[in-house]
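Chemist: Starting from the known structure of chain A, fit chain B with the ligands onto it as the hints suggest.
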Amino acid sequence: MFKKILRELRAIRGRAYVRMVSIRRDLLLLPFQVILPVLAVAAYIYLYRFIGAPPEYGTLVLIGGVMTTYWLNVLWSMASQLYWERMMGNLQIYFLVPASKMSILLGMAVGSMYTTSIRALSTLFVGLVIFRLPIELKNPVAAILLFFLSLSALYGMGMLLSSVFLVWGREAWHLSSLFQEPIYLLSGFYFPVKSLGITLATVASLIPVTLALDGMRQVLIPGGEKMGFLPVWINILILAVMALVFPYLAYYGLNYMERLAKKEGRITTRWQ
Amino acid sequence: MENNNYAVKTIDIKRTFKKSSNLINALKGISLTVNRGEFFGVLGRNGAGKTTFLKILSTLLYPTSGQAWVGGWDVQKDGQNIREIINLVSGGEESGYGILNVRENLWMFSQFYGIPSSIALKRIDKYLEMFGLKDQAKTRVSALSTGMRQKMNLIRGLLNNPEILFLDEPTVGLDVESARHIRSFLKDWIKENDRTIILTTHYMLEADELSERLAIIEGGEIIALGTPSEFKGLSQTENFYELTVNNFPESLDINIEGVQLISKLPQNGNTILKIRLKEDSLLSELLASLNQHGTKLELLKKKEPTLEDAFVNLVGKSSIDVSGA
Ligand SMILES: Nc1ncnc2c1ncn2[C@@H]1O[C@H](COP(=O)(O)OP(=O)(O)OP(=O)(O)O)[C@@H](O)[C@H]1O
Ligand SMILES: [Mg+2]
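Protein sequence lines correspond, in order, to chains A and B.
Here the numbering used here is used: the first residue of the first sequence is 1, the next is one more, and so on.
Here the numbering used here is used: the first residue of the second sequence is 1, the next is one more, and so on.
I should point out that these hints are in silico values taken from the structure, not numbers from a laboratory.
By construction, the Cβ of each residue, glycine as well, lies at the ideal position given by its N, Cα and C atoms.
Any given hint might turn out to be false.
One-sided and incomplete, this derived list gives chain B residues near chain A with beta-carbon spacing under 8 Å [as the list claims (entries may be wrong)]:
1. Ser58
2. Tyr62
3. Glu84
4. Ile99
5. Phe109
6. Phe112
7. Tyr113
Under the rule of at most 25 Å between Cα atoms (straight-line distance), these lysine to aspartate or glutamate pairs were calculated in the DMTMM-like manner [unchecked claim]:
8. B:Lys77 <-> A:Glu258
9. B:Lys232 <-> B:Glu212
10. B:Lys122 <-> A:Glu8
11. A:Lys263 <-> B:Glu221
12. B:Lys191 <-> B:Glu177
13. A:Lys263 <-> B:Glu218
14. B:Lys28 <-> A:Glu264
15. A:Lys263 <-> B:Glu94
16. B:Lys77 <-> A:Glu264
17. B:Lys303 <-> B:Asp280
Looking at chain A on its own, in the form it has when it is part of the complex (with noise of 0.2 Å):
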């Protein structure tokens, strides 16, 4: 027992170190990859300056930008992941060994987090750093909460798209892509969700994403509270929920996955 335990450990240290390194290797990119997100924020923050507006909303787009870095990399980075293993040949291999595949696609998620949280810091070192935007700490647990929890549900989505793409190949990743826009709108990445009405707000607090930015929004930025959808305890007890429901469905998701290869003989071999 303590062996299979180490050895999913180790598994999903193997994987994770792919990603790890793949910053460190392709330097060149580096800049690219930090540079980019923050641009995005200060267009906003200069907007809003612009504008006239208070200083916090400069602070709610900073948070908005950071969970945007980790949103978009389980869409892009996690979701597709396994469709691509098959392309490069890796997939047959994650069927041949004995660790598990959630061990495998766990390795990628803990190797994501590792590099988005790079950019995610830059992110927020320009932020607070260059642009001085207020923040205040007034409930660090809920915040810690908010955020590990979030990633939690973020990256257990992931895992389950994984599987998800594999069996629906191509028209999952057209949807994805076709859906990137609309789900960006909704999570609120650069207005408070409340703005949207009731209807909406709901049907965007789906996203696990905009949960924790509701809640970060209400227990970080001055003021926040008046920002607020839901009751920050609420958005922590929904995301607990998605951090432990997600990660279930996925590990269910790719049960099912491997058992339709081994039946139907066409998702581990390569173009079908």
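Modeler: The following block gives chain B with the ligands in isolation, referenced to the frame of chain A:
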């Protein structure tokens, strides 16, 4: 655990694939036992079902019907136990990540077996050295040549020290020397700890050299099973001769029943004829006939049967040019 005495045992394994509207019968009922410690070869034409068979044994694919045990474990129910004791390497496989170097890639694969890093890296370095890849340890996988890549794949297959190793055309694309090196490595490797290897190949010499027993699969069925020398014995009924003759008329047709001209090749003013005879006794009739046309015999060789001859006979390809090549 059932059937634990064998490395592999299968009973009437069938596998069909749906391809658009039609059904492909890739395997039509394979029953086979492979002993522990055995080097077992599988031959068969393209599409015969070799890879499908190996995929079922390595738990990548379920059989449509039938049963199979690997190391005593059921391929459908005990996949997890099987994966711990086997490995599979396919020729032309492209696993790994281009961003990692060879050593890192192999280390990553070892982690999926839970091998402690220190042991894994020692093993990796040992094999890199053995396969002449030491200088490529820090090379990115994306920069490897086909042959180097294939050697790396083979090392991946050895990392978990498998009891049973499946090799699907492992020497495809390798130069003569590398292929020979790998064959001699495998011959030594299998001797330790009662290991078992099941290997598919299109190279008859390879199958002949390595396999203790062979199966020929054709159209999803085993059509012959035995040792290489038994196979060669089978083809002894056919008589192949190589005649070097002088002054062979271009238009001459050899029209003797039981005598088949396989090929004629001009060489230094002579012609080399490859002939298949139903019986040895037809030789004198052939020589007499050639003499009538003013053709002079320079040299006569009887060809020893090869595994390739046996294969061609069994699989029943109409043309047998390959055997003369
Ligand atoms: N995933 C699949 N989906 C549909 N058909 C398949 C699949 N895999 C194999 N087949 C079919 O099953 C048959 C056997 O294929 P297989 O790959 O086992 O042959 P093989 O003996 O390994 O051939 P080769 O020598 O070319 O490697 C072929 O007709 C092939 O087209
Ligand atoms: Mg094959």
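Chemist: Work down the list of hints and note, for each, if the structure agrees.
Modeler: Status of each hint after checking the structure:
1. Ser58: Where the cut-off is 8 Å and the nearest Cβ of chain A is about 6 Å from serine 58 of chain B, the hint holds.
2. Tyr62: 5 Å, holds
3. Glu84: Hint on glutamate 84 of chain B: holds, closest Cβ of chain A at ~5 Å, below 8 Å.
4. Ile99: Where the cut-off is 8 Å and the nearest Cβ of chain A is about 5 Å from isoleucine 99 of chain B, the hint holds.
5. Phe109: With a closest approach of 7 Å, the phenylalanine 109 of chain B hint holds.
6. Phe112: 4 Å, holds
7. Tyr113: 6 Å, holds
8. B:Lys77 <-> A:Glu258: 14 Å, holds
9. B:Lys232 <-> B:Glu212: 13 Å, holds
10. B:Lys122 <-> A:Glu8: This hinted pair holds, its Cα atoms lying about 21 Å apart.
11. A:Lys263 <-> B:Glu221: Answer holds: lysine 263 of chain A to glutamate 221 of chain B is near 21 Å, not above 25 Å.
12. B:Lys191 <-> B:Glu177: 22 Å, holds
13. A:Lys263 <-> B:Glu218: 23 Å, holds
14. B:Lys28 <-> A:Glu264: 17 Å, holds
15. A:Lys263 <-> B:Glu94: Distance of about 23 Å is within 25 Å: holds.
16. B:Lys77 <-> A:Glu264: 17 Å, holds
17. B:Lys303 <-> B:Asp280: 12 Å, holds
In the structure shown, no violation is registered for any of the earlier numbered hints.
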